[in-house]
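Chemist: Sequence:
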Amino acid sequence: MVQLKTIQTEQRNPATLDIDRADTAEILRLMNAEDQKVASAVGEVLEQITKAVDLIYRQVHGGGRLVYCGCGTSGRLGVLDASECPPTFGVEPGRVTGIIAGGPDALTNAAEGAEDHFAAGEADLRAIGFGAKDALVGIAASGRTPYVLGAMAYARSLGAPVIGLTCCPGSEIDTAADVGIAPQPGPEVVTGSTRLKSGTAQKLVLNMLSTATMIKMGKVYSNLMVDVCASNQKLVARAVSIVRSATQADEETALCALRQADFSCKTAIVMLLCGVDAEKAHALLKGVDGHVSDAVRAVPGGEEADRQARRIG
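Here the sequence shown stands for residues 869 to 1181, numbered as in our numbering.
Everything labelled a hint here was simulated from the structure, so no lab data went into it.
All C-beta atoms, glycine included, are put in the ideal place defined by N, C-alpha and C.
One should not assume that every hint holds.
Straight-line alpha carbon distances no greater than 30 angstroms define the calculated DSBU-like cross-link-like pairs of lysine-lysine that follow [what the hints assert, rightly or not]:
# : residue 1 : residue 2
1 : Lys919    : Lys1148
2 : Lys1071   : Lys1084
3 : Lys1001   : Lys905
Restraint-style ranges between C-beta atoms, simulated for each label pair [as the list claims (entries may be wrong)]:
#  : residue 1 : residue 2 : range
4  : Arg880    : Ile1180   : 39 to 49 angstroms
5  : Glu952    : Thr918    : 42 to 52 angstroms
6  : Glu1119   : Ser1090   : 17 to 27 angstroms
7  : Ser1109   : Arg926    : 28 to 38 angstroms
8  : Glu912    : Asp886    : 25 to 35 angstroms
9  : Leu975    : Glu1172   : 43 to 53 angstroms
10 : Arg1178   : Leu1103   : 40 to 50 angstroms
11 : Arg880    : Gly911    : 32 to 42 angstroms
12 : Gln1116   : Asn881    : 45 to 55 angstroms
13 : Leu896    : Gln1116   : 17 to 27 angstroms
Please construct the entire structure, taking both the sequences and the accompanying hints into account.
Modeler: Given below as structure tokens:
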């Protein structure tokens, strides 16, 4: 039997011992007070997150994938983060991907027993063709889940970098990883319910891993998501807004540039800031690995145009 009393995420929270007797307002106050501890806990492990981002960027920039692996809440959070990368950053589907113990059905229906199978982690990585060029992030609040440990062992046998994301420093997953990330948000409001503070901590870290990687990949200009995929009316409007924010162009000019640029915000921005056509803008971007700032600064007067683009209003 697993000795739960030795696992940090299973400890009782002294601040919530009487939560079952509290009224609604007090229950929510207690939850909010505990939630406020989560961001600080993540802040304590920024050094490890930095190392993880640099590893992930190296692999993804080299043509590999970022793969998340987890069970239950942890697995769902990984799949969620992966699914949001294509529309947000314009990466091709599958470049960031997530696998969950029990398969896709486990996203909406609990498959708690699936996490106990060490060999299934390797099998699921084999099924997606995981290789040495990829990077694996194994996610488990407790740091001991066999499914995740199996996936990590297989990834390491291939020579792929392995990152562990847990809320238990020194756990099996933490120590088995090339980089272990283990924020400590403290005991849960409801003992052992790691979908609460632990899940929030994991979500914050996953936000950092994917977003920082994409920023380094040139998917953001200033603080604008310039590789957004304009796949519906709302996102077309967002693309127009992004181009206008970067160039101070009016709506008609921004929309015209986007149409000429096949709705690439990057290309439209370079067109308007550098006074070039779509073909030249595309060439400038290609020459600097898709980084808008570098493309703009490559033309005469580009440094001033770049500075203006970083102003609000």
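Chemist: Does each hint hold? Answer for all of them.
Modeler: Here's how the hints hold up against the structure:
{"no.": "1", "hint": "Lys919 with Lys1148", "result": "violated, 36 angstroms"}
{"no.": "2", "hint": "Lys1071 with Lys1084", "result": "holds, 20 angstroms"}
{"no.": "3", "hint": "Lys1001 with Lys905", "result": "violated, 36 angstroms"}
{"no.": "4", "hint": "Arg880 with Ile1180: 39 to 49 angstroms", "result": "holds, 47 angstroms"}
{"no.": "5", "hint": "Glu952 with Thr918: 42 to 52 angstroms", "result": "violated, 22 angstroms"}
{"no.": "6", "hint": "Glu1119 with Ser1090: 17 to 27 angstroms", "result": "holds, 20 angstroms"}
{"no.": "7", "hint": "Ser1109 with Arg926: 28 to 38 angstroms", "result": "holds, 33 angstroms"}
{"no.": "8", "hint": "Glu912 with Asp886: 25 to 35 angstroms", "result": "holds, 29 angstroms"}
{"no.": "9", "hint": "Leu975 with Glu1172: 43 to 53 angstroms", "result": "holds, 49 angstroms"}
{"no.": "10", "hint": "Arg1178 with Leu1103: 40 to 50 angstroms", "result": "violated, 23 angstroms"}
{"no.": "11", "hint": "Arg880 with Gly911: 32 to 42 angstroms", "result": "violated, 25 angstroms"}
{"no.": "12", "hint": "Gln1116 with Asn881: 45 to 55 angstroms", "result": "holds, 51 angstroms"}
{"no.": "13", "hint": "Leu896 with Gln1116: 17 to 27 angstroms", "result": "violated, 44 angstroms"}
Violation of the numbered hints given earlier is confined to hints 1, 3, 5, 10, 11, 13; the remaining hints are satisfied by the structure.
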